[in-house]
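K.L.:
Read off the chains here:
Protein chains: 2
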Amino acid sequence: MADKVTITDVARAAGVSRQTVSNTLNSPEVVREETRRHVLEVIERLGYRANQAARQMRTGRSRLIAIRIDPGGDGISGSVLDRFLHGLTETAAHEGYRVLLYTAADDRAEIATYEDLLGSYKPDAFVLTATHHDDIRTSWLLERGLPFVAFGRPWSHLPDARHPWVDVDGASGTEAATRHLLAAGHRRIGFIGWPSGSGVGDDRRAGWARTFTALGSETGGAGDLDALLRSVEDGIESGESAARDLLRTAAPTALVCASDSLALGALQAARSHEGERPVAVIGFDDTPAATAAGLTSVHQPLAEAAAACVDLLARALENPDAMRSPDAEGSPSEQAHVLLPPSLTIRQSA
Amino acid sequence: MADKVTITDVARAAGVSRQTVSNTLNSPEVVREETRRHVLEVIERLGYRANQAARQMRTGRSRLIAIRIDPGGDGISGSVLDRFLHGLTETAAHEGYRVLLYTAADDRAEIATYEDLLGSYKPDAFVLTATHHDDIRTSWLLERGLPFVAFGRPWSHLPDARHPWVDVDGASGTEAATRHLLAAGHRRIGFIGWPSGSGVGDDRRAGWARTFTALGSETGGAGDLDALLRSVEDGIESGESAARDLLRTAAPTALVCASDSLALGALQAARSHEGERPVAVIGFDDTPAATAAGLTSVHQPLAEAAAACVDLLARALENPDAMRSPDAEGSPSEQAHVLLPPSLTIRQSA
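Sequences listed follow chains A and B, in order.
At the far end of the first sequence sits residue 350, using the UniProt record's numbering, and the numbering has no gaps.
At the far end of the second sequence sits residue 350, using the UniProt record's numbering, and the numbering has no gaps.
Think of the hints as simulated: they come from the structure by calculation, not from any bench.
Any given hint could turn out to be false.
Note: identical chains are not told apart, hence a pair may lie in one copy or across any two.
Quick list of in silico lysine to any residue cross-link-like pairs, SDA-like style, CA-CA up to 25 angstroms [claimed, not checked]:
1. Lys-122 x Glu-237
2. Lys-122 x Thr-249
3. Lys-122 x Arg-45
4. Lys-122 x Glu-44
5. Lys-122 x His-180
6. Lys-122 x Arg-162
7. Lys-122 x Arg-188
8. Lys-122 x Thr-345
9. Lys-122 x Thr-8
10. Lys-122 x Ser-196
11. Lys-122 x Trp-140
12. Lys-122 x Glu-276
13. Lys-122 x Ser-198
14. Lys-122 x Glu-41
15. Lys-122 x Ser-238
16. Lys-122 x Ala-11
17. Lys-122 x Arg-68
18. Lys-122 x Leu-317
19. Lys-122 x Thr-91
20. Lys-122 x Glu-143
21. Lys-122 x Arg-144
22. Lys-122 x Asp-9
23. Lys-122 x Asn-319
24. Lys-122 x Gly-201
25. Lys-122 x Arg-18
26. Lys-122 x His-94
27. Lys-122 x Leu-215
28. Lys-122 x Gly-47
29. Lys-122 x Leu-46
30. Lys-122 x Pro-195
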């Protein structure tokens with residue numbers, strides 16, 4: 001029964017345009033509250049169902065975007081991708097897309113899942129997260145000309161690693177954190193990051209190192225770069241012990257950390273450390289845990305990043321040639337990408 | 001090309017059973033790492049795609065579960081549903097289901113979205129969150145015999161509010177928190193909750209009130225129930241000002257709060273309060289922010305709740321009669337439900 005009711009029937013019965021009916025379903029925030037309620041009542045009364053199946057048959061589009069969701073971890077760093085997911089689902093809805101979730105234990109399992117999804121729900125595009133060196137997912141998708149965008153830049157410079165991406169400039173975030181501490185009079189600024197080899201971690205460390213080195217002659221600090229650096233696995237406990245070690249051996253007056261988890265641990269070490277003035281600590285990601293702990297932290301514009309991903313995908317889907325594999329046409333044109341600047345959220349800790 | 005490869009082909013080429021191939025895709029944790037990698041390599045080499053589309057044609061099932069995702073809020077309380085979503089996606093995958101996300105501004109818009117989804121992606125079932133009094137979503141779904149489970153019990157006792165649900169026993173959580181404080185010697189225990197009328201909020205307040213009242217003669221506290229209660233909108237700032245007000249007017253030595261957001265505010269008020277001993281504070285939800293702030297908090301078993309939802313849905317989908325509308329067959333049988341006990345995560349704050 002419901003399948004016979006068209007958007008035109010709804011528009012006529014509600015006394016509004018077809019666009020208003022469409023906006024009510026897909027972009028409710030652009031429709032006046034009163035109108036929106038009225039249209040929804042008519043939709044419910046007539047039993048209208050947007051005939052996506054028929055539309056899909058006609059256009060060959062599923063209007064689905066697939067993205068992986070990971071197990072929780074410590075719930076601190078993971079909240080970044082959760083906030084990204086909220087933004088993605090909302091902006092995708094404005095463009096008429098829904099978000100399909102999947103899990104995968106590693107890259108190879110994720111590729112098997114692409115196969116599975118392509119054979120079943122036929123998503124129009126994928127959003128990749130947690131890009132890393134030698135990422136076999138991106139080359140697999142590129143080879144097949146499948147539309148995708150990565151939240152995270154390609155960390156390899158090989159030609160087949162060129163793909164559309166959106167990322168936040170981590171190095172500029174740790175640079176801003178380091179400059180903030182220099183401006184407050186700190187001269188011995190330590191860094192607690194992750195072991196070398198992760199693109200994201202190396203990038204965040206680089207922002208601290210370059211700022212510190214550039215100002216080396218002025219601060220007398222550049223020579224101490226290695227002494228002031230600790231590289232550990234992510235986590236509150238590892239952050240705390242790295243901070244204790246740094247405070248004992250290198251006497252920093254401030255610490256920049258690659259994540260809020262590390263910074264929360266560093267904050268505990270700082271609080272139990274006896275010195276003339278409290279050791280300043282800055283984290284990365286501006287998570288709810290940072291709010292709770294009064295931690296100054298680098299803030300990623302996640303809603304903007306999600307919107308930029310949807311925008312790149314929508315453009316790629318309108319112009320499929322932009323997504324063609326490098327092999328098909330010789331050297332690839334420069335792929336679309338967006339690098340967003342983070343900001344510093346200043347609280348009590350620094 | 002890929003559509004011609006069957007699961008039997010993969011099993012034969014990999015030298016494993018069909019079940020192992022299926023497990024590799026759907027329940028990788030039950031397959032030995034070495035076997036899993038081998039099967040995934042064969043899947044990739046043969047270009048196998050689980051032919052979900054064909055299976056759907058045959059079974060009439062989409063194997064999609066739809067759930068709403070909300071804008072972030074303060075990122076503290078919202079993290080509860082994020083963790084639930086992670087658990088849901090993982091356990092759904094083990095049962096061969098994927099999760100489809102949507103957004104909706106209110107109940108009416110959510111119902112319009114059900115129409116839209118049913119006309120397009122045909123989800124097999126819905127998972128509802130944030131159930132409340134006069135929830136028009138549940139009656140709408142029940143009338144149409146559409147399979148769903150709510151994470152959150154029906155807060156109305158009307159017959160049409162009977163539906164399958166999974167929930168965490170909030171009252172027993174605040175009771176455990178109050179008993180923990182009584183055992184530590186506290187006799188004046190305040191409660192900061194939400195305004196009356198929200199089922200979840202009323203339930204959490206009831207656990208404190210009943211424990212306090214039952215022990216009233218012993219503690220001399222029952223008469224003070226109203227004096228020790230504050231009802232405010234959720235948030236860190238409102239929690240802080242409610243706590244300041246309570247500390248000034250009712251002199252509690254401990255505070256139980258309906259959320260971690262309220263408790264984080266109360267913790268700030270408690271820290272700046274001068275007294276013989278620090279005011280104890282307990283929150284609700286055991287969010288990452290509670291970890292960061294050293295806040296004792298009531299912990300919800302979210303992965304178990306998600307698994308219970310998938311289990312109820314899987315059973316309902318196997319036996320559709322269990323989901324039939326009350327009108328169709330007279331009075332409805334008691335619907336399946338699961339009420340999970342929370343636990344108390346003890347940290348420095350109480």
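K.L.:
Run every hint past the structure and note whether it holds.
P.N.:
Evaluated hints:
1. For the identical chains of this complex, Lys-122 and Glu-237 are neighbours neither inside a copy (43 angstroms) nor across copies (46 angstroms), given an alpha-carbon limit of 25 angstroms.
2. Proximity of Lys-122 to Thr-249 under the C-alpha cut-off of 25 angstroms is found in neither arrangement, the shortest distances being 56 angstroms within a copy and 62 angstroms between copies.
3. In this assembly of identical chains, Lys-122 and Arg-45 lie within 25 angstroms of each other by CA distance solely across copies; the values are 20 angstroms between and 32 angstroms within a copy.
4. For the homomeric pair Lys-122 and Glu-44, the shortest alpha-carbon distance between copies (17 angstroms) is at most 25 angstroms, but the shortest distance inside one copy (29 angstroms) is not.
5. Taking identical chains as interchangeable, the C-alpha atoms of Lys-122 and His-180 are never at most 25 angstroms apart, the minima being 48 angstroms within one chain and 53 angstroms between chains.
6. Taking CA atoms no more than 25 angstroms apart as the test, Lys-122 paired with Arg-162 passes inside one copy only; the shortest distance there is 24 angstroms, against 36 angstroms between copies.
7. For a Cα distance limit of 25 angstroms, the shortest separation of Lys-122 from Arg-188 qualifies neither inside one copy, at 54 angstroms, nor across copies, at 60 angstroms.
8. Proximity of Lys-122 and Thr-345 under a CA criterion of 25 angstroms is satisfied in neither setting, with 41 angstroms inside one chain copy and 43 angstroms between copies.
9. Taking CA atoms no more than 25 angstroms apart as the test, Lys-122 paired with Thr-8 passes between copies only; the shortest distance there is 22 angstroms, against 28 angstroms inside one copy.
10. Taking the closest pair of Cα atoms, Lys-122 and Ser-196 never come within 25 angstroms of each other, the shortest separation being 38 angstroms inside a single copy and 46 angstroms across copies.
11. With identical chains, the CA atoms of Lys-122 and Trp-140 are at most 25 angstroms apart within one copy only, with a shortest distance of 16 angstroms there and 30 angstroms across copies.
12. Proximity of Lys-122 and Glu-276 under a CA criterion of 25 angstroms is satisfied in neither setting, with 62 angstroms inside one chain copy and 65 angstroms between copies.
13. Taking the shortest alpha-carbon separations for Lys-122 and Ser-198, neither the intra-copy value of 32 angstroms nor the inter-copy value of 41 angstroms comes in at or below 25 angstroms.
14. With identical chains, the CA atoms of Lys-122 and Glu-41 are at most 25 angstroms apart between copies only, with a shortest distance of 22 angstroms across copies and 32 angstroms within one.
15. In this assembly of identical chains, the alpha carbons of Lys-122 and Ser-238 never lie at most 25 angstroms apart, being 42 angstroms within a copy and 47 angstroms across copies at closest.
16. Taking the shortest Cα distances, Lys-122 and Ala-11 sit within 25 angstroms of each other only across copies (24 angstroms), while inside one copy they are farther apart (31 angstroms).
17. In this assembly of identical chains, the alpha carbons of Lys-122 and Arg-68 lie at most 25 angstroms apart whether taken from the same copy (15 angstroms) or from different copies (21 angstroms).
18. In the homo-oligomer, the alpha carbons of Lys-122 and Leu-317 lie at most 25 angstroms apart both inside one protomer (14 angstroms) and across protomers (24 angstroms), since each shortest distance falls under that limit.
19. Taking identical chains as interchangeable, the C-alpha atoms of Lys-122 and Thr-91 lie at most 25 angstroms apart whether they share a chain (20 angstroms) or sit on different chains (22 angstroms).
20. Taking the shortest Cα distances, Lys-122 and Glu-143 sit within 25 angstroms of each other inside one copy (17 angstroms), while across copies they are farther apart (31 angstroms).
21. For the homomeric pair Lys-122 and Arg-144, the shortest alpha-carbon distance inside one copy (14 angstroms) is at most 25 angstroms, but the shortest distance between copies (28 angstroms) is not.
22. Proximity of Lys-122 to Asp-9 under the C-alpha cut-off of 25 angstroms is restricted to the inter-copy arrangement: shortest distance 22 angstroms between copies versus 30 angstroms within a copy.
23. Only within a single protomer do Lys-122 and Asn-319 lie at most 25 angstroms apart by alpha-carbon distance; the minimum there is 18 angstroms, versus 28 angstroms between protomers.
24. Taking the shortest Cα distances, Lys-122 and Gly-201 never come within 25 angstroms of each other, neither inside one copy (34 angstroms) nor across copies (42 angstroms).
25. Taking the shortest alpha-carbon separations for Lys-122 and Arg-18, only the inter-copy value of 24 angstroms comes in at or below 25 angstroms, while the best intra-copy value is 28 angstroms.
26. In this assembly of identical chains, Lys-122 and His-94 lie within 25 angstroms of each other by CA distance both inside one copy and across copies; the values are 20 angstroms within and 20 angstroms between.
27. For a Cα distance limit of 25 angstroms, the shortest separation of Lys-122 from Leu-215 qualifies neither inside one copy, at 53 angstroms, nor across copies, at 60 angstroms.
28. Within a single copy, Lys-122 and Gly-47 get their C-alpha atoms only as close as 27 angstroms, which misses the 25 angstroms cut-off; across copies the closest is 15 angstroms, which meets it.
29. Taking CA atoms no more than 25 angstroms apart as the test, Lys-122 paired with Leu-46 passes between copies only; the shortest distance there is 19 angstroms, against 30 angstroms inside one copy.
30. For the identical chains of this complex, Lys-122 and Pro-195 are neighbours neither inside a copy (38 angstroms) nor across copies (46 angstroms), given an alpha-carbon limit of 25 angstroms.
Of the hints listed earlier, those the structure fails to meet are numbers 1, 2, 5, 7, 8, 10, 12, 13, 15, 24, 27 and 30, in rising order.
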